[in-house]
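Novice: Residue numbers (my numbering), protein chains in the order written: chain A, 1 to 308; chain B, 1001 to 1360; chain C, 2001 to 2363.
No lab work stands behind these hints, which were simulated from the structure alone.
Watch out, some of these pointers could steer you wrong.
[What the hints assert, rightly or not] Just so you have them, the derived chain C footprint on chain A, three or more residues with Cβ under 8 Å:
1) 9–19
2) 215–225
3) 249–260
[Claimed, not checked] Straight-line Cα separation of at most 27 Å, DSS-like style, residue types lysine-lysine; simulated pairs:
4) C:Lys2310 / C:Lys2032
5) C:Lys2156 / C:Lys2329
6) C:Lys2065 / B:Lys1039
7) A:Lys185 / B:Lys1006
8) C:Lys2065 / C:Lys2180
9) C:Lys2305 / C:Lys2156
10) C:Lys2287 / B:Lys1039
11) C:Lys2180 / C:Lys2305
12) C:Lys2305 / C:Lys2278
Glycine included, each C-beta is placed from N, C-alpha and C at the ideal position.
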Amino acid sequence: MLGGIDPFILIASLIAASVPILLAALGEAVVERAGVLNLGVEGMMIMGAVTGFMVSVATGSPLLGFLAAMAGAMALSLIFAFLTQVMLANQVASGLALTLFGLGFSSLLGQGYVGVKPPLTTAVPFGPLADLPVIGEILFSHDWITYLSLALVGLVWFVLNRTRTGLILRAVGENAEAAHGLGYKVRRIRLLAILFGAALAGLGGAYISLVRVPQWTDGITAGAGWIALAIVVFASWRPLRVLAGAWLFGGLTVLQLNLQAAGSGIPVEYLSMAPYLITIIVLVLISSGKGRALDAPAALGQNFHASR
Amino acid sequence: MLRLEKRPAPSRFWLWAAPIVAVLCTMVAGGLMFAALGKNPIEALRTIFWEPLFGELAWYFRGQLLLKAGPLVLIAIGLAMGYRAGIWNIGAEGQYIIGAVVGASVGLAFYPAEHWFIFPLAILAGALGGMTWGLIPAILRVKFRTNEILVSLMLVYVAQTILAMAALGFLRNPEGNNFPGSRNLSQYPATANPELISGTGLHWGVVTALIVVLLGWLILSRHRFGFEIRLAGQAPRAARFAGVNPDRMVLICLGLSGALAGLAGIFEVTGPSGIISPDFNVGYGFTAIIVAFLGRLHPVGILLAGLLMALTYIGGEYAATNLGLPSAAVQAFQGMLLFFLLALDVFGNYRLRFGSGRAV
Amino acid sequence: MKRRTVLMGGAAATLSLSMGARAVLAQEGPLKVGFIYVGPVGDGGWTYQHDVGRLEMVEAIGADKVETVFQESVPEGPDAERAITQMVLGGAKLIFTTSFGYMDPTINVAAKFPDVKFEHATGYKRADNVSTYDSRFYEGRAVIGTIAGRMTKSNKIGYIGSFPIPEVIQGINSSFLHAKKVNPAVELSVVWAFTWFDPAKEADAAKALIDQGVDVIIQHTDSTAPHAEAQKTPGVITFGQASDMSAFAPSPRVASIIDNWGPYYTKRVQAVLDGSWKSEGTWGGMKDGHVLIGPITEAVPAEVKAEAEKMIADITAGTYHPFTGPINKQDGSVWLADGVVATDEELSGLNFYVEGIVGDIPS
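Given these sequences and hints, build the entire structure.
Specialist: Printed below as a string of structure tokens:
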């Protein structure tokens, strides 16, 4: 069934294919650990994709592009932060509105950029290496953000589990009232978490428009933000499991296309729905038998308003 | 500094004022956006909000408003019931698709027979299909404590694949030159769901939506179930003591919202759309979530919100052809509308105070 | 603004009349022609080429005689019916609906407005006031298949399919037949993307094909993403689809199939102006200028280029039909006997692979 598919190439492909969802999911995991459910990941990713693309085309610098992507997504997330943290608006609706607005606004921003080829340097952060006809080095150039994303997984894990910052963040997500009582600034901490999540989502979006595809078109993120949300739950809000989830998802997508390309007899329809069905099955497997739903942060989705 | 202080009782004034102020704010912000795009903002706003209602083609657009608002309202009412109880179905898009596919399969199974019962049977099948799709996340939540937000969302993608399979495979029109797409259900008299009065946009789906608005309002305000829903959402623990079974609540809310989304799907495919094609769904299930919140989870509010949303769609399209406004601008505009409404909503329960409270 | 006021009065005066009668009053001055697009004008592919055709038509006819309106990103279904109706009510006398999914909406609206003329792209339903038009893309695929067969070193050609519809299956068969003709060792892998336009998915599909050792990618989807992906692996070549995609020339893009709608749009608008418009089905190919092969780059050896150009000349002259027997079906049974040419009817319902292609068409 798998005849003709080289497993090493497949693994290399899946690592590259999963970078955007890994980054976005990692960021969202931190946001949700702080008790905030931001369903606007798709909107933030696409804002990152467009701002990163615009800036890198304008400056010719991929680094500036990725920085701009983070800034663009963070700027968008400020709307969400204002609505939910200041105006105490419903988080589900605010997140959806963010996605709706992000999709429309990114398309407006990107109107002059459709069909523009980003300068080759944008896809190759180490300089004009793409001109060298050596596969290894081109793969190496991909790894700049990939390595960063892997390092971030470790960093987030460390900060969440081994530092005081992580402890405070989790406290805010578990019981905002108590954290407030201990003198922590709940809304400020949540705001910072939202911004961090947005920065990572923006980075993931820019990875799509600058490295993976690389071009700009409307709706280029094509649902990656929603997948990232699924991965967070799949991973039960743990950074290392986020990595596993992203690879599983990326791997299934890549495997599906590779099986087709290799001429396997499995019907395409079943292959295309497999990632989603398997995610649901895994969700069931990891959530069954636990008292509290999936160890979700207890205050997830609830706004906090200090009455004192 | 500014801070918010909880009102002793929700403000009735802001309940009504917030949507109106939100629309006005959106007009200002949207006007600025249109101006930035090089369009005359007054002209653009007039085209979006005025033309479809009172312009020279209003006689046509008014019917189209109902046509567009119908499915949005139908789906949003079901979602709102669940949202009030704290049950988050965001996969209505999938339930809408499955309702359409199942209903269409039942209807087309009789092709080309003519019996009076085919249409009602197809509608029933659509509702059951949507309900089944909605019950999957419900049962998984009840049995395994999985998160219904994620499962219902994942099922949208699965439903989309099933839709493609239907359009390319088991429902493909045998007389369609191998193109994807089913037979046209609106041109098969036994399943057709035409306009009841020509030019009004009123078809059985819209009628059902209006009935559901009424029923939804009665249930929420007069029936014990409505009370249980509110209790479950606002005070889950108290609800338990009051004898509300949370699992039953999950099953009912997701089943009901799935059934209504399925109904919207089958009414759409037998009426305005006609064909099961790979692109049959156009996002009603997601837009309905916004409509539910715009209408502040109240049936009458949802009716108004659905009409407003339909207006921005139709007016936006009209502006796209007449003024060359990009369709993305309308999407951004709708996002702004929701932002403003969500932001202003707070004044229903809180009031703005000057002076320093304890910094948060 | 002036005409709008006139329109308003007109609509009010005829409020009791049928919808069809209402639109009659709307027009004076230049002919108003509408276009319904399925994607954004900036998609760089299918819709972009229709819009290029629209502009060419205005250029050819003259802006004093014709005025155009268009609406982009119109979903196929009830929204399309409204968009078309709205154009009619806005005074359009001729409307081009440029995607297959607009077929039933076009027919429905046309039935209500017998005085307005409609042109539906790639469909098969016609009416007294509805024509259909399409292009013989498979002719271009024959040329590209020839280049592909000559250029591949791994003897593996990848094909990114959109939907398994006759047009795409014609393209797959035509490409494969002509690649095989010049290179009997050639194999074809098909990946179905189930989309016409999704850059991320197309890039992934191209990557999967390259991972499988493919060094020539033919796409039947409309974004440039497969080119960008191919560019990352030296030695892989691609072909522009729908538009020239010259940003990726001279390599990986070595040639392209261009949809060229300008001549047809000009002809049909002129026919309306002359009063000679009739409902008909047009399936134009290279000789009608509907299908062009974009510049073949220097990455292609001169003799291969000459071979491709000869085929273009033969097809244009009508002396060669890409589907000329002997051709067997995938199961080995005879489809076309020696010298027999496929009929248009057979082609427009094509639902099987020819001999030598492995895999099944999804259904």
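Novice: Decide, hint by hint, whether the structure agrees.
Specialist: Outcome of the hint check:
no.: 1; hint: 9–19; in the structure: holds (count 4)
no.: 2; hint: 215–225; in the structure: holds (count 7)
no.: 3; hint: 249–260; in the structure: holds (count 5)
no.: 4; hint: C:Lys2310 / C:Lys2032; in the structure: violated (41 Å)
no.: 5; hint: C:Lys2156 / C:Lys2329; in the structure: holds (21 Å)
no.: 6; hint: C:Lys2065 / B:Lys1039; in the structure: holds (26 Å)
no.: 7; hint: A:Lys185 / B:Lys1006; in the structure: holds (19 Å)
no.: 8; hint: C:Lys2065 / C:Lys2180; in the structure: violated (49 Å)
no.: 9; hint: C:Lys2305 / C:Lys2156; in the structure: holds (20 Å)
no.: 10; hint: C:Lys2287 / B:Lys1039; in the structure: violated (43 Å)
no.: 11; hint: C:Lys2180 / C:Lys2305; in the structure: holds (17 Å)
no.: 12; hint: C:Lys2305 / C:Lys2278; in the structure: violated (40 Å)
Checked against the numbered hints above, the structure violates hints 4, 8, 10 and 12; every other hint is satisfied.
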